[in-house]
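Asks: Generate coordinates for the entire structure from the input sequences, incorporating the hints supplied.
The listed protein sequences correspond, in order, to chains A and B.
Counted the way my numbering counts, the first sequence spans residues 245 to 302.
Counted the way my numbering counts, the second sequence spans residues 21 to 193.
A hint or two may mislead.
Stated by the list, open to error - Sample of chain B residues at the chain A side, in silico, Cβ under 8 Å:
(1) 30
(2) 37
(3) 106
(4) 110
Hints were generated in silico from the structure; no laboratory data involved.
For each residue, glycine too, the CB sits at the ideal point set by N, CA and C.
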Amino acid sequence: MKLEYVLYGFGILFCIAGVGYLAAEYVRYLSEIGKIASLLLTVGLFTCLGKYFEGLGW
Amino acid sequence: MAVKHKNLYLYLALACFLGIILIFIFDGYMGVYDNLTMTSGEFPQTIESDRWPEDEKYPYYSSVGVHPGGSVTFTYEVENRAFSHYSADVEVTVSYEQEQIAVLLSQPLTVSSFDKGQLEWELDTEEILPEDISYEQSYQYIVLIKRGEIERRVIVQIILPPYPTKIPPPLPR
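Replies: See below:
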């Protein structure tokens, strides 16, 4: 059971790393306004996700 | 109500994610893009806007080959995907062994929003090749296109025959 969670953790980490790498590659070609807007939306994304999981009782 | 409230944050998070994706698509589409078509002989060769070398340390320049006496026609197209017009001075020079030998074009370019601008010029090898061509030497010319602060380089390679085409006169008897 614990081994499964470890594997889940690795999977999630690899997913985040992959998405982060792709985002970093894309961000290189964005304009300054696009970068700021993306940053603000990213902050909003994690805030809303945090509130959602807080509401679930995490 | 509580369930709706919880889902509201989830939907907001999804909306933010979609917003980021849309910014990536929209911002990637917008901008000024240029491509170059080089025609020497039968087959035109096009360098698309995403094929210009970005690695300044190990750049890879596209090249076109031409025989002595021939010419290369260049068509430079600038696409302006912006809400304002784009203008820049375009200068095209040709250099050999890091020494500029000719200016092929020098003129301003103005492109209105969401439109394309095009410039054309021709490189005649007879104007740049020395009269006494050495067949043991290779000739590579760099065509430099300066558009505002942006520089694009392509190589014009002179294709020499393996031996002089001019038949030497017969030896006296």
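Asks: Now, for every hint given, state plainly whether the structure supports it.
Replies: Status of each hint after checking the structure:
1. 30: holds (5 Å)
2. 37: holds (6 Å)
3. 106: violated (14 Å)
4. 110: The hint is violated - residue 110 of chain B has no Cβ within 8 Å of chain A, the shortest such distance being about 23 Å.
In summary, the structure is inconsistent with hints 3, 4 from the numbered list given earlier, while agreeing with the others.
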